[in-house]
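Count along the sequence shown from 1, add 4, and you get the number used in the numbering used here.
Don't take each hint at face value.
Taking CB as the label site, the calculated pair distances span [to be verified]:
id: 1; residue 1: Met524; residue 2: Ile18; range: 37 to 45 Å
id: 2; residue 1: Leu321; residue 2: Leu21; range: 23 to 31 Å
id: 3; residue 1: Leu21; residue 2: Glu541; range: 44 to 52 Å
Derived EDC-like pairs (lysine to aspartate or glutamate); straight-line CA-CA distance at most 16 Å [stated by the list, open to error]:
id: 4; residue 1: Lys517; residue 2: Asp466
id: 5; residue 1: Lys271; residue 2: Glu144
id: 6; residue 1: Lys271; residue 2: Asp466
Since the hints were made in silico from the structure, they are not lab data.
As the structure is a prediction and not an experimental result, all values here were calculated from the model.
Beta carbons: idealized from backbone N, C-alpha and C, even for Gly.
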Amino acid sequence: MTENPVISALEPVILLLALGVGAAVLSRASRLSPIVGYLVLGIALKAAGITVLSGSGTVRLLAELGVVFLLFDIGLHFSLHHVRQQAGDIFGFGPVQILFGTLMIGLLALAFGLAPLPAFLLGAILALSSTAVVAPLIAERHQQNCPVGLTATAILVFQDVAAIFLLIVTGALGGEAILPIAALALAKAVGAFAVAVLFARIIVRPLFNLIARGRQEEVFTATALLIALSAGWATGQIGLSLTLGAFLGGMTIAETPYRAIVESEVKPFRGLLLGFFFISVGLSLDLATLLQHWLAVIVVTFVLIAAKILSNAAASLVFRWSIPGSLQLGFLLAQGSEFAFVVLSLPTVRDLIGSARISIVAAAVALSLAVTPTLAISGRTLAGRLRLRAAVVEDPELKMAELAAPVLIIGMGRVGRTVADALRAFDIGYSAVERDQRRLNEAVADGYAVVFGDMADPRLWDPIALQGRRISALTAPRLDVSSDLTPIAQHYYPGVLRFAAVADHGEAECFHKLGVRTVMNREIVPGLDLAAAILGELGIDSAALADWVRRQRERASRGTGGVTAPSSERHP
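Turn these sequences into a full structure, and let the hints guide you.
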């Protein structure tokens, strides 16, 4: 009987999925990061001689797609505005960090007997850190909007671009002129960035506006996948990396109000495919070298981590970070990079450094990836102790950037706009979510900070950074939906105070039983009562608040208040 090729391709994927689920569950039960479980699983599969996985092109493709979707997800958080804000970290801190790491590790490689060229080449390879490990850790610990998380992400973005040029340089070691090739690659990267910006303005925003009108969630998913994969394919076609294209693809969506919903759609794919990536890393290790030179692997891993902590901390001090913050960042970026496995496998690099050394270094990089979660915790703990010892009451490096927007407004009808106007009047930041595409476009056109999404979908809560808010304001709540979702929200986000604008005492009592603070609209300006309650909760001076409310009433009585018709939509 002839074997079905589709079944043959599915077998390793099904096996890997089953084993991956088991590894993740066991890792969590052991209070370890799933990354450790995936790496150990890969090593165990190779030790058991299960070659159906290591030889599968499907598995290799899925592993590479994991990093592609990770960079796409990072791009979703890097709009042009964000790039301008983080320009110092991306184009200043990033190069300095790589320079310090290259010099320190290169000098250590010289001390271990390597010639200058291979020593500093190895230093440059190992100066890079792992986006695939660090980015999920930052997200898991809700540090995306802390200075440590923002700076680490900016450095990783620069490293991913620098990795492309490192690959070009190592590829040219065989005799081609390096400078012209690197200059051409730089020109291509700048061109790709310009095309991505143009693409975002001309195609992506109108496309998502059209999709939002149709309210078809599966089309959002398909479009996000299309942009991520096609952007990676496009940069791959011009000789750049797939990951750079995926990052630029994410940036095109970051410029639109649809970032949060696209992130919620892509997140499951990213997590699943990254699992394949870490298993493939375990499968790629040379077990004979691990067994024969295990002590050398441990020593090299320790030296690598120590060198990177010191070089990263030194770079941080150059940019006037405190010692606790420098150490925390140093520990977080102390591992090798997944990119190292690609470069170290090149024939020219193996010839320069030596196959035996390459095997030891590759194993050390894998071990550094496995211990990164523990290192990150250690760095955070050490930084906290140093801050306590120094009696630092308020450290700017710990302040969440998202706390500049402590209020989340759900629904941007007339009530939501009144709340937003009130917060802006007192210089309090906010973010808003609107599920109706017409109201979304009107609010964006009128200058409100609003994104597309339906908060009845819990997948949106993390992308919208609900964990960083103090208050969520339900401007048109639906009791049936809130009854289902409020207990879940209170369990995962106990620090968020929920306000709801209600129409009568009966509705108020029902929401009160759910643990939602209710406000009835009695004012002539819809939403004024809700806005006043939120401002009072945020500690606004009562006299200033009363004066602002009085002025809004006067404006309304003169017929100058309100910009949109009352919303008939209800939100959870």
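Which numbered hints are broken by the structure, listed smallest first? 1, 2, 4
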